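Protein chains: 2
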Amino acid sequence: MLFDSELDRLVRAGTPLTETPPWRALAGHWRRICGLEMRDMFAGDPARFRRFSVAIDGLLFDYSKNRITEETLGLLLALAEASGLPEAAAAMASGEAINWTERRAVLHMALRNRSNRPVLVNGRDVMPEVNAVLERMRRFATAIRDGSHRGATGLPIRTVVNIGIGGSHLGPEMITQALRPFHDGPEVRFVSNVDATDFVEAVRGLNPAETLFIVASKTFTTQETMTNAASARRWLVDGVGDASAVARHFAALSTNREAVATFGIDPENMFEFWDWVGGRYSSWSAIGLPVVVAIGFPRFEELLEGGHAMDRHFLEAPLERNIPVLMAVLGVWYANFVGAASHAVLPYDQYLARLPAYLQQADMESNGKSVDRDGRRVDYSTGPILWGEAGTNGQHAFFQLIHQGTRLVPCDFIGCARSHNPLADHHAKLIANMIAQSEALMVGRTRGEAGAELERRGLPAGQVAELLPHLVFEGNRPSNTILLDELTPRTLGTLIAAYEHKIFTQGVIWRVNSFDQWGVELGKMLAARTLDEELRLLAGDEVDLAGHDSSTAGLLRAFAEKARR
Amino acid sequence: MLFDSELDRLVRAGTPLTETPPWRALAGHWRRICGLEMRDMFAGDPARFRRFSVAIDGLLFDYSKNRITEETLGLLLALAEASGLPEAAAAMASGEAINWTERRAVLHMALRNRSNRPVLVNGRDVMPEVNAVLERMRRFATAIRDGSHRGATGLPIRTVVNIGIGGSHLGPEMITQALRPFHDGPEVRFVSNVDATDFVEAVRGLNPAETLFIVASKTFTTQETMTNAASARRWLVDGVGDASAVARHFAALSTNREAVATFGIDPENMFEFWDWVGGRYSSWSAIGLPVVVAIGFPRFEELLEGGHAMDRHFLEAPLERNIPVLMAVLGVWYANFVGAASHAVLPYDQYLARLPAYLQQADMESNGKSVDRDGRRVDYSTGPILWGEAGTNGQHAFFQLIHQGTRLVPCDFIGCARSHNPLADHHAKLIANMIAQSEALMVGRTRGEAGAELERRGLPAGQVAELLPHLVFEGNRPSNTILLDELTPRTLGTLIAAYEHKIFTQGVIWRVNSFDQWGVELGKMLAARTLDEELRLLAGDEVDLAGHDSSTAGLLRAFAEKARR
Numbered sequence: 001m002l003f004d005s006e007l008d009r010l011v012r013a014g015t016p017l018t019e020t021p022p023w024r025a026l027a028g029h030w031r032r033i034c035g036l037e038m039r040d041m042f043a044g045d046p047a048r049f050r051r052f053s054v055a056i057d058g059l060l061f062d063y064s065k066n067r068i069t070e071e072t073l074g075l076l077l078a079l080a081e082a083s084g085l086p087e088a089a090a091a092m093a094s095g096e097a098i099n100w101t102e103r104r105a106v107l108h109m110a111l112r113n114r115s116n117r118p119v120l121v122n123g124r125d126v127m128p129e130v131n132a133v134l135e136r137m138r139r140f141a142t143a144i145r146d147g148s149h150r151g152a153t154g155l156p157i158r159t160v161v162n163i164g165i166g167g168s169h170l171g172p173e174m175i176t177q178a179l180r181p182f183h184d185g186p187e188v189r190f191v192s193n194v195d196a197t198d199f200v201e202a203v204r205g206l207n208p209a210e211t212l213f214i215v216a217s218k219t220f221t222t223q224e225t226m227t228n229a230a231s232a233r234r235w236l237v238d239g240v241g242d243a244s245a246v247a248r249h250f251a252a253l254s255t256n257r258e259a260v261a262t263f264g265i266d267p268e269n270m271f272e273f274w275d276w277v278g279g280r281y282s283s284w285s286a287i288g289l290p291v292v293v294a295i296g297f298p299r300f301e302e303l304l305e306g307g308h309a310m311d312r313h314f315l316e317a318p319l320e321r322n323i324p325v326l327m328a329v330l331g332v333w334y335a336n337f338v339g340a341a342s343h344a345v346l347p348y349d350q351y352l353a354r355l356p357a358y359l360q361q362a363d364m365e366s367n368g369k370s371v372d373r374d375g376r377r378v379d380y381s382t383g384p385i386l387w388g389e390a391g392t393n394g395q396h397a398f399f400q401l402i403h404q405g406t407r408l409v410p411c412d413f414i415g416c417a418r419s420h421n422p423l424a425d426h427h428a429k430l431i432a433n434m435i436a437q438s439e440a441l442m443v444g445r446t447r448g449e450a451g452a453e454l455e456r457r458g459l460p461a462g463q464v465a466e467l468l469p470h471l472v473f474e475g476n477r478p479s480n481t482i483l484l485d486e487l488t489p490r491t492l493g494t495l496i497a498a499y500e501h502k503i504f505t506q507g508v509i510w511r512v513n514s515f516d517q518w519g520v521e522l523g524k525m526l527a528a529r530t531l532d533e534e535l536r537l538l539a540g541d542e543v544d545l546a547g548h549d550s551s552t553a554g555l556l557r558a559f560a561e562k563a564r565r
Numbered sequence: 001m002l003f004d005s006e007l008d009r010l011v012r013a014g015t016p017l018t019e020t021p022p023w024r025a026l027a028g029h030w031r032r033i034c035g036l037e038m039r040d041m042f043a044g045d046p047a048r049f050r051r052f053s054v055a056i057d058g059l060l061f062d063y064s065k066n067r068i069t070e071e072t073l074g075l076l077l078a079l080a081e082a083s084g085l086p087e088a089a090a091a092m093a094s095g096e097a098i099n100w101t102e103r104r105a106v107l108h109m110a111l112r113n114r115s116n117r118p119v120l121v122n123g124r125d126v127m128p129e130v131n132a133v134l135e136r137m138r139r140f141a142t143a144i145r146d147g148s149h150r151g152a153t154g155l156p157i158r159t160v161v162n163i164g165i166g167g168s169h170l171g172p173e174m175i176t177q178a179l180r181p182f183h184d185g186p187e188v189r190f191v192s193n194v195d196a197t198d199f200v201e202a203v204r205g206l207n208p209a210e211t212l213f214i215v216a217s218k219t220f221t222t223q224e225t226m227t228n229a230a231s232a233r234r235w236l237v238d239g240v241g242d243a244s245a246v247a248r249h250f251a252a253l254s255t256n257r258e259a260v261a262t263f264g265i266d267p268e269n270m271f272e273f274w275d276w277v278g279g280r281y282s283s284w285s286a287i288g289l290p291v292v293v294a295i296g297f298p299r300f301e302e303l304l305e306g307g308h309a310m311d312r313h314f315l316e317a318p319l320e321r322n323i324p325v326l327m328a329v330l331g332v333w334y335a336n337f338v339g340a341a342s343h344a345v346l347p348y349d350q351y352l353a354r355l356p357a358y359l360q361q362a363d364m365e366s367n368g369k370s371v372d373r374d375g376r377r378v379d380y381s382t383g384p385i386l387w388g389e390a391g392t393n394g395q396h397a398f399f400q401l402i403h404q405g406t407r408l409v410p411c412d413f414i415g416c417a418r419s420h421n422p423l424a425d426h427h428a429k430l431i432a433n434m435i436a437q438s439e440a441l442m443v444g445r446t447r448g449e450a451g452a453e454l455e456r457r458g459l460p461a462g463q464v465a466e467l468l469p470h471l472v473f474e475g476n477r478p479s480n481t482i483l484l485d486e487l488t489p490r491t492l493g494t495l496i497a498a499y500e501h502k503i504f505t506q507g508v509i510w511r512v513n514s515f516d517q518w519g520v521e522l523g524k525m526l527a528a529r530t531l532d533e534e535l536r537l538l539a540g541d542e543v544d545l546a547g548h549d550s551s552t553a554g555l556l557r558a559f560a561e562k563a564r565r
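As they're listed, the protein sequences go chains A and B.
Be aware that the first sequence starts at 1, since it is given in this note's numbering, and climbs by one per residue.
Be aware that the second sequence starts at 1, since it is given in this note's numbering, and climbs by one per residue.
Just so you know, these hints were derived from the structure itself, not from any lab.
These numbers were taken from a predicted model, which means no experiment stands behind them.
Heads up, a few of these hints could be off.
To be verified - Residues on chain B that point at chain A, a partial pick, calculated with CB under 8 Å:
no.: 1; residue: 54
no.: 2; residue: 56
no.: 3; residue: 71
no.: 4; residue: 72
no.: 5; residue: 74
no.: 6; residue: 364
no.: 7; residue: 375
no.: 8; residue: 405
no.: 9; residue: 554
What the hints assert, rightly or not - No more than 25 Å apart at the CA atoms, straight line, and that leaves these computed lysine to aspartate or glutamate pairs for DMTMM-like:
no.: 10; chain 1: B; residue 1: 562; chain 2: A; residue 2: 57
no.: 11; chain 1: A; residue 1: 562; chain 2: B; residue 2: 486
no.: 12; chain 1: A; residue 1: 524; chain 2: B; residue 2: 6
no.: 13; chain 1: B; residue 1: 562; chain 2: A; residue 2: 485
no.: 14; chain 1: A; residue 1: 562; chain 2: B; residue 2: 453
no.: 15; chain 1: B; residue 1: 562; chain 2: A; residue 2: 302
no.: 16; chain 1: A; residue 1: 562; chain 2: B; residue 2: 302
no.: 17; chain 1: A; residue 1: 524; chain 2: B; residue 2: 453
no.: 18; chain 1: A; residue 1: 562; chain 2: B; residue 2: 305
no.: 19; chain 1: A; residue 1: 562; chain 2: A; residue 2: 541
no.: 20; chain 1: B; residue 1: 524; chain 2: A; residue 2: 449
no.: 21; chain 1: B; residue 1: 562; chain 2: A; residue 2: 449
no.: 22; chain 1: B; residue 1: 524; chain 2: A; residue 2: 57
Just so it is clear, CB atoms sit at the ideal spot from N, CA and C, and this is done for glycine as well.
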């Protein structure tokens, strides 16, 4: 039976989750160790780094700069076990309907299942379908890349524009940008926002006769995507002067065959995926087509292999050496016991600049929930705010707050040992900064150290006393460091999958469904009504807005009035 | 005397800030009204929107969807007054050294002082210098734009690359992107990260003979910027084959005349600013030069005018109609009384996509502090985590958490009534979404409403019961909406200045110095030592890392080992 862990049973019998033994043990433990300073723990244990780091192929995960002891870790892993994590992971891998509100399996692991071992959904192996779509993607992308697929006027395709939003955008965009050194295909651009600016700027300078659009929408009804797709179709048809051109200039990533055909897209250019692929976990599926166009199929396979390697690690490594599990329980530690509200992801690699935006969806749409497995409102914190920018840029922006603000912000530093652009000493400086930041956050600077520093600068005593408190860094601020050998399709796949399983693990511990997203719904419903009223206001009609609050009505009227000026 | 408000005196006499009458009044008030639902307050007061919104030239600020009553607002404004806000604002405007830890005036308002009224620093009017630099910027940018400034080989400049980081990057980059519809000059690109990738990708495809670099660093010693500048100089000299080309292909935004000359830059092409301009408030100064190149000087003057208009509003409007003050006290309300840890900025305009990153620095580097005016560690929350992405993209990423997560995230929605790209119904949809989101966050969806919706869809009763809790939206989630007439240099200037004064006001209430940034220092110091060790490790030397904790040492060794493989 799904979700029948020790804690599930206790909660169902009436014990609040936070009152169960593993949670109480952690809360009590925190009260005992909250005064510990990491700098002292490092001083007292030369083996701390070795103890609290895990190396796998291509990736080193250092979690020793966290406010934990061996005992903390033991209690956290005991929580994960009591939460039924091993059973839940096995249930996901075997195709059970762990997305219970939507009664669906969750099988992004099947998409990168390079072992090809059968994965059954309702008794049927999904691998043949997965492989068939991959093969069709390979063929289509190859034809675009080698110029054998031609546009309506006979020209080869020079630019591919992906139109999609959310899960049909953030993953492919992030991956395409991250793997820029591997681009050897046509240029790939992305349009997501319903703001026309996004589309207009993306097609600026492009020749319609040499442009192909990929329209990515599972249902083929997503408002933003279909609005942009309609504008793209007009732009194309106006440009080449022929409505039948759509067939050679559009592909679809969708499950809605009928709507795709109605749009004018050749069913041969439709690539499907399945209801067991969540949007935010879909870059490994047909949604990855723009990536394949950019870097070619063999490189895309390496991405899948990297993901698969992390899947095996997650399913097989003992919890205490299991990278995503460790990432997850540390997050639970800070969110539920230490009191952190947010988590920063700081890639020290410009190619990974969009990783935080990607992870915002992956994490916050998955675990930004407050109803548990039993349909009850939780009374503990779930998913944190995830945010970040590329380092070293962040150091000159918001690091001030992380170092000296009043809020605890656990950080993930992510860097690569080798750079694709080995220019002068740039890379040594980049990584020196990354490592030094984690050190500075941890060690801080005491009053004595700050005073000595000020005296060295020759400041008069009065000024030293005045400045001193501002130059103290409390330190003891936690971080993980993930060091990749190099940013390749394979290591990127490993990294993304690690975060996916981190998110899964946290969802299991918090007892939320990480795979639905009901919170997206209400806004969509209200927007439909609002759009109708807005269009009538813009046309100068009298519209009764009494169904709205005065703010919503007032904004609608102000918008219409200003827009018509 | 500076900072001698009612609350300053109480705190200095020993009363903790949070125990002073205005703070206690607010805390007690929150306990009384925390059960109020906004939807009920709207239902009970048809004038709520009119009461809680302010319109000024080009900008409507609606703050009615907040968890406040008239009494809340009165208490918050009383706190601002008791904190000495009016006096502090006047002190800033008149050139007093309100940046007390660095003993500097804070005069970004002088940079956009279109009234030209004298502004005295130590008895000397700064306006003649401000105007002189503006005039030099105008002349230089005009020569670039009209082709009269030529490169070393006689070709006009086609691309300008700005090299700067933090305050010398985020502002100009954000403004340049925001004002893209006004570009009529050479293309402008930005390099900030010390990661060589940033530089390599920025100059990809450029002809050195047609490229000009602007090196923006107050001290001309910033590690990232000088590393990138050195690479740029090599790239240029290699490209045109002549070291003397530097003089015609580089400009500097700096105060360090000697270092600029040593680099090889013509002092004629150096544009200075002053110690009373903080990096994160410097887009209005010479740091704005790339903006002037992109859009021309008259448009840049409109940006200054917009900022100046907001300055007058901030200094003159009564607190209860004062937009930045209202923004500020609402932030204090959520941070210190309601318990929010973060604040989302959600621009519903693709051109404003970098506004959140810009405001991260402006806000978090200013108020991410924990030592007060008297050098004491505060025991209350100061600056929040600020984050966001462009809408509608965010709706398909992290809005799930804002709607249904366990964390309170007050939001700023920012949209424009008119679009620069009026294509089909894109803009109506964009704004309908923005308004509907603020409505959805506020009204939520009750159990009854969700149940009716599920029944309408024809779901069997058992499934309705199971799904129901997941479809409930608690609502009562606060937001502001800022509606601009159109995104122009002028409205953008107004918007940026509004956030600047919001940040200032909050700093006054929290009693922190919003204008220093000591927290940036320690990381820099440690990075210098680390770099030295790292370079020796990379060279294969034996290095004694005993001065570091085992994590820092372990990461350094792992990096060097992987890098040398």
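Which hint numbers does the structure go against, in order from smallest to largest? 1, 2, 3, 4, 5, 12, 14, 21 and 22
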